[in-house]
Amino acid sequence: MNDAVWVLTLAAAVSAGTPLVFAAVGEILAEKSGVLNLGVEGMMLLGAVTAFLAAAASGSPLVGLLAGTLAGGGLAVVHAFLSVTMRANQIVSGLALVIFGTGLATFLGNPIEGDPLKPGIVDLRIPILADIPVVGRILFDQDPLVYASWLVVALAAFYMTRTRTGLALRACGESPETADAMGLSVARLRYVHVIVGGLLAGAGGAYQILARVPSWSGAGTTAGIGWIALALVVFAAWRPWRALLGAYLFGAALAANFALQAAGVDAIPAEFLSMLPYLLTILVLVILSASSARKRLGAPAALGVPYAREER
Amino acid sequence: MPDSPPAVAPAIEARGVSKAFPGVVANAGVDLRVKKGEVHAILGENGAGKSTLASILAGLYRPDEGEVRVNGEPAHFGSPRDALARGVGMVYQHFRLVERFTVAENVVLGDPHQPLLLSTRRAEKTVAELGEKYGLPVNPRARVEDLSVGEEQRVEIVKMLYRGADVLILDEPTAVLTPQEAENLFETVNAMAAEGKSVIFISHKLSEVLAVSQHVTVMRDGHVVARAETASSDRRSLARAMVGRDVDLSVQRAEEAPGEPLLVLEGLNVAGEGDTVPLRDVSLEVRAGEVVGVAGVSGNGQRSLAEVAAGMRTPTSGRVVVRGVDTTGKGPTAARRAGLAYVPEDRLGTGLAPSLSISENLLLTHPRPFFLKRKQMEATAREAIKQFEIRAPGPDAATRGLSGGNAQKALLARELSDGPEVIVVASPTRGLDVGATQAVREILDRRRRAGCAILLISEDLDEVRSLSDRILVLYEGRIVHETSGEEANVEDLGLAMAGSSEH
Ligand SMILES: Nc1ncnc2c1ncn2[C@@H]1O[C@H](COP(=O)(O)OP(=O)(O)OP(=O)(O)O)[C@@H](O)[C@H]1O
Ligand SMILES: [Mg+2]
Numbered sequence: 001m002n003d004a005v006w007v008l009t010l011a012a013a014v015s016a017g018t019p020l021v022f023a024a025v026g027e028i029l030a031e032k033s034g035v036l037n038l039g040v041e042g043m044m045l046l047g048a049v050t051a052f053l054a055a056a057a058s059g060s061p062l063v064g065l066l067a068g069t070l071a072g073g074g075l076a077v078v079h080a081f082l083s084v085t086m087r088a089n090q091i092v093s094g095l096a097l098v099i100f101g102t103g104l105a106t107f108l109g110n111p112i113e114g115d116p117l118k119p120g121i122v123d124l125r126i127p128i129l130a131d132i133p134v135v136g137r138i139l140f141d142q143d144p145l146v147y148a149s150w151l152v153v154a155l156a157a158f159y160m161t162r163t164r165t166g167l168a169l170r171a172c173g174e175s176p177e178t179a180d181a182m183g184l185s186v187a188r189l190r191y192v193h194v195i196v197g198g199l200l201a202g203a204g205g206a207y208q209i210l211a212r213v214p215s216w217s218g219a220g221t222t223a224g225i226g227w228i229a230l231a232l233v234v235f236a237a238w239r240p241w242r243a244l245l246g247a248y249l250f251g252a253a254l255a256a257n258f259a260l261q262a263a264g265v266d267a268i269p270a271e272f273l274s275m276l277p278y279l280l281t282i283l284v285l286v287i288l289s290a291s292s293a294r295k296r297l298g299a300p301a302a303l304g305v306p307y308a309r310e311e312r
Numbered sequence: 001m002p003d004s005p006p007a008v009a010p011a012i013e014a015r016g017v018s019k020a021f022p023g024v025v026a027n028a029g030v031d032l033r034v035k036k037g038e039v040h041a042i043l044g045e046n047g048a049g050k051s052t053l054a055s056i057l058a059g060l061y062r063p064d065e066g067e068v069r070v071n072g073e074p075a076h077f078g079s080p081r082d083a084l085a086r087g088v089g090m091v092y093q094h095f096r097l098v099e100r101f102t103v104a105e106n107v108v109l110g111d112p113h114q115p116l117l118l119s120t121r122r123a124e125k126t127v128a129e130l131g132e133k134y135g136l137p138v139n140p141r142a143r144v145e146d147l148s149v150g151e152e153q154r155v156e157i158v159k160m161l162y163r164g165a166d167v168l169i170l171d172e173p174t175a176v177l178t179p180q181e182a183e184n185l186f187e188t189v190n191a192m193a194a195e196g197k198s199v200i201f202i203s204h205k206l207s208e209v210l211a212v213s214q215h216v217t218v219m220r221d222g223h224v225v226a227r228a229e230t231a232s233s234d235r236r237s238l239a240r241a242m243v244g245r246d247v248d249l250s251v252q253r254a255e256e257a258p259g260e261p262l263l264v265l266e267g268l269n270v271a272g273e274g275d276t277v278p279l280r281d282v283s284l285e286v287r288a289g290e291v292v293g294v295a296g297v298s299g300n301g302q303r304s305l306a307e308v309a310a311g312m313r314t315p316t317s318g319r320v321v322v323r324g325v326d327t328t329g330k331g332p333t334a335a336r337r338a339g340l341a342y343v344p345e346d347r348l349g350t351g352l353a354p355s356l357s358i359s360e361n362l363l364l365t366h367p368r369p370f371f372l373k374r375k376q377m378e379a380t381a382r383e384a385i386k387q388f389e390i391r392a393p394g395p396d397a398a399t400r401g402l403s404g405g406n407a408q409k410a411l412l413a414r415e416l417s418d419g420p421e422v423i424v425v426a427s428p429t430r431g432l433d434v435g436a437t438q439a440v441r442e443i444l445d446r447r448r449r450a451g452c453a454i455l456l457i458s459e460d461l462d463e464v465r466s467l468s469d470r471i472l473v474l475y476e477g478r479i480v481h482e483t484s485g486e487e488a489n490v491e492d493l494g495l496a497m498a499g500s501s502e503h
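Protein sequences, first through last, are from chains H and Z. If you're matching positions, the first sequence starts at 1 in this note's numbering and goes up one per residue. If you're matching positions, the second sequence starts at 1 in this note's numbering and goes up one per residue.
Everything labelled a hint here was simulated from the structure, so no lab data went into it. Keep in mind that the hints are not guaranteed to be accurate.
[As the list claims (entries may be wrong)] If you only want the chain H side, here are some residues facing chain Z, beta carbon under 10 Å, derived:
1. 175
2. 301
3. 309
Beta carbons: idealized from backbone N, C-alpha and C, even for Gly.
Let the hints inform the model, and build the full structure from the sequences given.
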């Protein structure tokens, strides 16, 4: 293979963006139901460590993926319980889960720190499509989870706009009192979507360790991409297809670093480049925390507000 | 009620229903029976517990005691879904619509018969049919955020009919309607009753109750205090039952000639911003001891007018003079210092801080002294609660928990307490029951006698006519009509409000 550096970089961008795709689509679902889940980073990290342990124990990356997914979902159950049932402040609950998830993952990952993961995920070249010049190399010579992430995006987009429950989901995030009055269970809708969001975050974390990084390296394994996923949701205006696009842009920013170094470009310090996605993220999160800005960006109107029927 | 068991069970019935919220008993042993095919009014002052009762019937609230029966069978509603399944639907006082959805999407929301793959086509058809049948024209493809309040209400009703409601609860449906829209609503209500549906019509307006219902249940302080056939009851007795004393809502006008002008608006032009209507060349003056009423259909510049007068908005040209001081665009504090008080219509949005207590809210406009004197604040608040008959658990209750009418009273209490000489009020009795309306009007009348200049801006013609010495009509940001309070006649005013070119 003698592809140009930029083609390889773009291919790397797709792969680097894939954990973001999973996590961001999950977060979109949770936020559409009206629950802000800031715990994504914790869920991804826990998903990653669980995936490593399960894959190493079973020798199957698929088992690893499943286990990591479930781990993310498990942590999301806690968030759903705190924010829906206990009506806790969602920001506080989410942040607490980041700390808890990170702590637990680091503890579990201590013994395997630095170990290489044997059964990683193998690439799946899609015949014919992969032979298309440039595009084929970038999009169709990837691992199966990249393709799976497209399916997740397509399903989420279809579900949200075209199905009865998708309509209920959106109503629940826009106006829970209306959903309630129309006979929908706000609590159930929120639980389900927060948990699905957590499952997807866990899957993103699992992908990160199974396909992206060579070994477990504590909190550095995900290196804050959970936060990037949160920012991405806003960039994408809560739309799955845009989230896919955005994920690849962020992925490109993450991958460009290596590419530029490889190409010997040192006009821009590498540290600055690796900072870039995080700077963007901070900016978006600051904007996101102002409720007026949230509204203008198209956030669900009741995002972050616990619903209680008999309360004014 | 110890009468013999009825041959046909009531369509919906409440038996000994009680419900308490922290600090208030909203419903205390309430009995209600509504027959099939009847329009049943629930009449009561603000905070009487009408919405609470309705929410219990609709499955939103669970009663602490007592039970609800539908067609004679006990119904233990755990949520509105259960109530809808039994054919009980409610149109809430504060609408429950998803603004970003289309009408059809709002209608099919939560419908268990909707196929998993969303299809609004059938809903669009049904919405059109229902609209035809009951006189509720709505465009199923319109987005709710683009609709007027009247249209939103039609969507709410259609929504419940689509879900097959046989009992429809309308919580203060006319509060947001123009007189014409209210008239149409009455026709719809009658059409539904003729179809065999039962309608529970909640209101505190006697005339509406008399016009639309066959039966009326009167509530006060969480209790049912009277029930009657509407045909055999009269205004006075219903009003007395509702308020607990005699009320007098006759016209009040100044007896003495007005004094010097205290509020002068000169050639005001205001640019429209967002959804507010611009003002064009508006001049008026309000003299001491005079009430000047500004009538007009909502959205014709009332808000701009009130806000310019109160110093909250800067005109592009023209002057605002309060007691000889030019306060044009100098901000609300300057206007206040010149002796002007402003009672906005949006009482929770701009008038009160919802999570602060009543006593704290009363203090908001008195920035001095720096340290709060708890005792004194509490005494002031107690006094205001008594004087303005604010129904609240106490001076420490957050204003968020007050019913709409009581919040308005708290706001008036604050604005009128330190004797301003110029008062700008917007719809001071909107949403208030007769008792409170009378109290508020008396307060304004008393201020007039004391020599205040009052600018009364309201969409309610009755309100304008009952208090004003002079009446102006605002249409598309201009004053198009002027008359004295005595000579005003409804027809001319109505025409001017509708923009008829003769004026
Ligand atoms: N969710 C709630 N939390 C706390 N207090 C409440 C709540 N709902 C009602 N209340 C209180 O219960 C009493 C009855 O309120 P309700 O809303 O039923 O009155 P209403 O008759 O509908 O009045 P209005 O004419 O102002 O709508 C009021 O004192 C109100 O403050
Ligand atoms: Mg009410």
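Query raised in the report: Does residue 175 (chain H) pass the interface check with chain Z, least Cβ-Cβ distance below 10 Å?
Result: 5 Å, holds
Query raised in the report: Is the interface hint for residue 301 (chain H) satisfied, with its Cβ closer than 10 Å to some Cβ of chain Z?
Result: 7 Å, holds
Requested in this report: Let me know if the C-beta of residue 309 (chain H) comes in closer than 10 Å to any C-beta of chain Z, holds or violated.
Outcome: At 6 Å from the nearest chain Z Cβ, residue 309 (chain H) passes the 10 Å test, so the hint holds.
Every hint, counting from the list given before, is met by this structure.
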